[in-house]
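*Asks:* These are the residues of each chain, in order.
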Amino acid sequence: MAGEAERMIDEQIDARLRKIMEARNLYDSAGHMPEQKPDYRESSPDSSERRLEARKPRRQKLHPLNQILYGAPGTGKTYATVEYALAILENRAVSEGPASYQERNRQMEAYERYRASGRIVFTMFHQSYGYEEFIQGIRPGLSGETVSFQVADGIFKKMADTARKDDENSYVIIIDEINRGNISRIFGELITLLEEDKRWGEQNQIAVTLPLGELFAIPNNLYVIGTMNSADKSISLIDAALRRRFDFVELAPRPELIEDTGLRNVLVRLNRYLRQELRSTDLLVGHSYFIGKQEKELGTVMNRNIIPLLYEYFYDEEAKVKKALECISGSSFEVDDTGNRRIRVKEKVSQ
Amino acid sequence: MELRGWKYEGRKISEKLHRQILEITGILKDTEKSGGRSWRSLQEYMAEELGTKPGQIRTIKRMMEEFGILKKGVLKSSEIPDREQIYTKDGRLLLELLEMEQLMSQCLTEAHRQQMGVLQEIYRLCYQKALISYTCEKGMLHPLKATLKALKEYEYLDYWEWYLLNTVIRRDDDVGQEEELGRLIEEYRAGKLSFGAGAIVENKLSHIYVPGNFAYGGFLLEEGDHLDLRLTLNGEYRELAEKIINER
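Protein sequences appear in the order of chains L and Z. Note that this note's numbering has the first sequence beginning at 1, numbered continuously upward. Note that this note's numbering has the second sequence beginning at 1, numbered continuously upward.
Any given hint could be a false lead.
If we take Cβ atoms under 8 Å as the criterion, some of the chain Z residues that face chain L in the derived model are [claimed, not checked]:
1. 17
2. 86
3. 96
4. 128
5. 129
6. 233
7. 236
8. 238
9. 247
Derived by calculation from the structure, the hints in this document are not laboratory data. Glycine included, each C-beta is placed from N, C-alpha and C at the ideal position.
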């Protein structure tokens, strides 16, 4: 009995979630949201005057349409997007195992081919990223010698329009650091269109009229993969509106991928301590800092990558950083807390 | 005539239940606390932490399944719960909101107070959804729909009429059962039918738990208790009630 009554309630939940979402982003939503709200309409392809091409319901359901890969720094989130995107486009399960050098090369070649043909787009959200860049905006352009303003489609709209006209293939947009952008500002009211059942071609498909007058819908063959650093923001604190529209895939540190036994042990000990001290799986250290490295490079990795992270995790509390660095005991390195600078590690002096 | 109540879980939706759900999910999320423990062992640990009995934890777990927070049957006695797999999508949303509310309550600004008010509205809507989907009689009956239909038809239900409804209506939209209910209510209201102590032989607290939850969801109004119970439709949600009644 999941009919009109539940839809009515869902709409009310959505309206309230948006209210909270906007309230939580007050400082930067002001003046950035499109002033004119899109005109939502549930429409069948035949009933709309300016109609969009009809699409069939999605057959390939191996992968969710919207997913976010999240994990601590260095857990290979951006690296993994390549395999996730290829798995979607090739309609196969994601391979969880480590890729050999040759396999990775093959993956990257395939990825590059898809990227060149426009079926994969990679973008990164940052704090000043907005609706105008992502969906549609007015931008200045030169017309002869005079400057004129033209409507320009953003990266997401371009891809959605291309995908909607293609009945055969799937498309993937990868949004790195999705939590660094202001979701309500970037997607505006279109966030509702991301939902699986509201995608163009699905049962509850929705098209909207964009603020600049064009009819728009997100097709059911456009997959969104986001990445999110859980040390930046715990996933329990991200916008509820985003949270409920995406599947979340946790990428945990995988010390077993580190070949050097000494380095592997350092990471295992370090994460054991962090987990115990910070009581969170968000504030760990990933394996990628140590991949392809040998123990003699431990000093460089610790000083350049890990120690700055530890200072951040422990809010500059040096005693705790020092305690965390006990993870290097047993290696040929030791803690150096001399001088007026941050703690470092240095190679032990042989007697 | 013997009367039988609809099956219910022995808990009502309440602020206390909210808090207990939050505490249970908090323990399930915390791998330091829950990692490596089977559900059976976790129940005992949770009961200790919450100051209650393992049986209560099982009831809350069943409520969480009924409300669509937990996937049904995922917490098995001998297995270690996989925290990534046990929640439904709606469940995750609800838990996010509960967590958000907890964080807001730790820093009570005016903006947070307002947002917490909106969260309360969302909880009610989530519970409304859960109550619409709630079934008994092996999925053959949606008690909310049956109750709203009866309240629309007979304007109100008292204690004995509630049990007449529960006894007779066992399937959605069964014309024969609805006619039978009509006949019995007419006789009862005409004084030709009466009940005494011992008439209710099964699920004797159904009049507390089932309409209590419907009232919490805003669908109906409860006045009086036990023999003085009187249930009526809540006019505020009449449009929604109509939609539920008319759904097939």
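*Asks:* Hint residue 238 of chain Z vs chain L: min CB-CB distance below 8 Å?
*Replies:* Hint violated; residue 238 of chain Z Cβ to chain L Cβ min 12 Å, cut 8 Å.
*Asks:* Return the status of the interface hint for residue 129 of chain Z: holds when the least beta-carbon distance to chain L is below 8 Å, violated otherwise.
*Replies:* Constraint on residue 129 of chain Z satisfied, holds at 5 Å.
*Asks:* Under 8 Å is the threshold here; is the Cβ of residue 247 of chain Z close enough to any Cβ of chain L for the hint to stand?
*Replies:* With a closest approach of 5 Å, the residue 247 of chain Z hint holds.
*Asks:* Under 8 Å is the threshold here; is the Cβ of residue 86 of chain Z close enough to any Cβ of chain L for the hint to stand?
*Replies:* 14 Å, violated
*Asks:* Could you check if residue 236 of chain Z really has its C-beta closer than 8 Å to a C-beta on chain L?
*Replies:* Result: violated, 13 Å to nearest chain L Cβ.
*Asks:* Interface hint check: residue 233 of chain Z, Cβ to nearest Cβ on chain L, cutoff 8 Å. Holds or violated?
*Replies:* For residue 233 of chain Z, the interface hint is violated, since the closest Cβ of chain L sits about 15 Å away, which is over 8 Å.
*Asks:* If you take the shortest Cβ to Cβ gap from residue 17 of chain Z to chain L, is it below 8 Å?
*Replies:* 20 Å, violated
*Asks:* Would you settle whether the hint for residue 96 of chain Z is holds or violated, based on the nearest Cβ-Cβ distance to chain L being less than 8 Å?
*Replies:* 5 Å, holds
*Asks:* Holds or violated: is there a CB of chain L closer than 8 Å to the CB of residue 128 of chain Z?
*Replies:* Constraint on residue 128 of chain Z satisfied, holds at 6 Å.
Hints 1, 2, 6, 7, 8 from the list above are not met by this structure, while the remaining hints are.
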